[in-house]
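**Student:** Sequence:
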Amino acid sequence: MTTGTRPVAASAPAGPSAPGGRALLRRALSLLAPLAGLAVILLLAAVTTPGFYSTGVLQLVLFQIGLIGVTAVGQTLVLLVGGIDLSIGAVIGLTTVIIAVYTRGDGARLGVAILLALAAGAVVGLVNGLLVVRRLVPAFVATFATFVLVQGVITAWTRGAPSGNIPGALSPLGTGRWLGVPVPAWVFLAVAVVAGIVLGRTGLGRRLYATGANARATALSGVRTGWIIAGCFVASALLAVLAGLINAGYIGYVDARLSRSLDLNSVAAAVIGGVGLTGGRGRIGQTVAGVVLLAVLLAWLRQLGAGAGAQLIVSGAVILLAVWLQNSGWTPRSPRRNKQRDGVR
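Position 96 of the sequence shown, counted from 1, bears residue number 96 in my numbering, the numbering being contiguous throughout.
It is possible that part of the hints are untrue.
To be verified - Here are the simulated distance ranges between beta carbons:
id, residue 1, residue 2, range
1, Thr-48, Val-141, 35 to 43 Å
2, Gly-176, Gly-152, 31 to 39 Å
3, Ala-156, Leu-179, 35 to 43 Å
4, Leu-321, Tyr-253, 17 to 25 Å
5, Arg-257, Ala-317, 17 to 25 Å
6, Val-198, Gly-111, 25 to 33 Å
7, Ala-156, Leu-43, 40 to 48 Å
8, Leu-43, Leu-220, 45 to 53 Å
9, Gly-316, Pro-138, 18 to 26 Å
10, Pro-172, Leu-204, 29 to 37 Å
11, Gly-105, Leu-220, 49 to 57 Å
12, Val-101, Leu-179, 32 to 40 Å
13, Gly-107, Gly-152, 24 to 32 Å
14, Gly-107, Arg-206, 27 to 35 Å
Everything labelled a hint here was simulated from the structure, so no lab data went into it. Every residue, glycine too, gets a C-beta built ideally from N, C-alpha and C.
Let's have the full structure, built from the sequences with the hints guiding it.
**Tutor:** Structure representation (structure tokens):
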């Protein structure tokens, strides 16, 4: 642990010998807990809903993994810098509205519509980032405000009812399959691999983790932390646009109600996978594990006949459980929390 003060650094060698075993155990638990939870859910599903292992349910689970996963990767980037993005669902809905309004079902206009959706998403992400970085608005407040604003625009256009017409040329992105696996799952895999490489093997990834662990110290070292934070919000919004394209291709019309739960689901997937809410801790692999666990859990609930409300309750309960485990010491302590404990902010 780096504290930026010579006395603490000098005493560091004596520290690891005592807590090293506990730290290793916590790290192992943080990695194995989602897998253990997945195994339990699969066992319960086999006992309570025998039809859970049918081809149709499996395809639905893989689609959910793709849709939730793309948004969860973006959410992970924001969480790693100590923020949270509650505007993801609104950006997804905005994407479907832009596609429907501009194309009016005409596939020839789809390319320009996608560019417009990407531009709109980037603007939303940039607004979120500037509010957080320049105006020092808490990320929760900033992104919730943009969510309300964008959702209001969507509701005004749709009047709260399904509407619009999505070009059939977009349907392969939502309903297509490759090697028997839904295309959204492949898209998520590609996004996760790219994000994992950037975070784990590049200087940008190291600066991102450092910003989340201690933004002030990182800024003093010459890193433009404001750009890092704003960039994560923009990346999250752009991935939300990608999820919106997947969603639009799948349902074929505009229904903003179907994307509202993705804000909560993206947070739940990252957090139950072990990504910290305080910044600076987490890996894309953990997010992938959380996405799979959450998608299987939601599919099982649907097979049990649970409605949307019950699914939201369970997702919220899962987040609370994951946060409790993180704060109770069962998972590795985040760098930021360590630094604040030592008096360094």
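**Student:** Now tell me if each hint is right for this structure.
**Tutor:** So, going through the hints one by one against the coordinates:
Between Thr-48 and Val-141 the CB atoms are about 41 Å apart, so this pair conforms to the stated range of 35 to 43 Å. As the Cβ distance of Gly-176 to Gly-152 is approximately 33 Å, the hint placing it in 31 to 39 Å holds. Distance hint check: the CB atoms of Ala-156 and Leu-179 are about 42 Å apart, consistent with the given range 35 to 43 Å. For the pair Leu-321 and Tyr-253, the beta carbons lie near 36 Å from each other, so the given range of 17 to 25 Å is not met.
Our hint of 17 to 25 Å for Arg-257 and Ala-317 holds, since their Cβ atoms are close to 22 Å apart. Checking the proposed 25 to 33 Å range against Val-198 and Gly-111 shows it holds: the Cβ atoms sit about 27 Å from each other. The hint said 40 to 48 Å for the Cβ distance between Ala-156 and Leu-43, and at roughly 47 Å that hint holds. One distance hint, 45 to 53 Å for the beta-carbon pair Leu-43 and Leu-220, holds here, with the actual separation near 51 Å.
A beta carbon spacing of about 20 Å between Gly-316 and Pro-138 agrees with the range 18 to 26 Å that was offered as a hint. One distance hint, 29 to 37 Å for the beta-carbon pair Pro-172 and Leu-204, holds here, with the actual separation near 32 Å. Restraint check, Gly-105 to Leu-220: a C-beta distance of roughly 54 Å satisfies the suggested window 49 to 57 Å. About 35 Å separates the C-beta atoms of Val-101 and Leu-179, a value consistent with the hinted range of 32 to 40 Å.
Between Gly-107 and Gly-152, the C-beta spacing of about 30 Å keeps the proposed range 24 to 32 Å intact. Roughly 43 Å separates the CB atoms of Gly-107 and Arg-206, a value that falls outside the hinted 27 to 35 Å.
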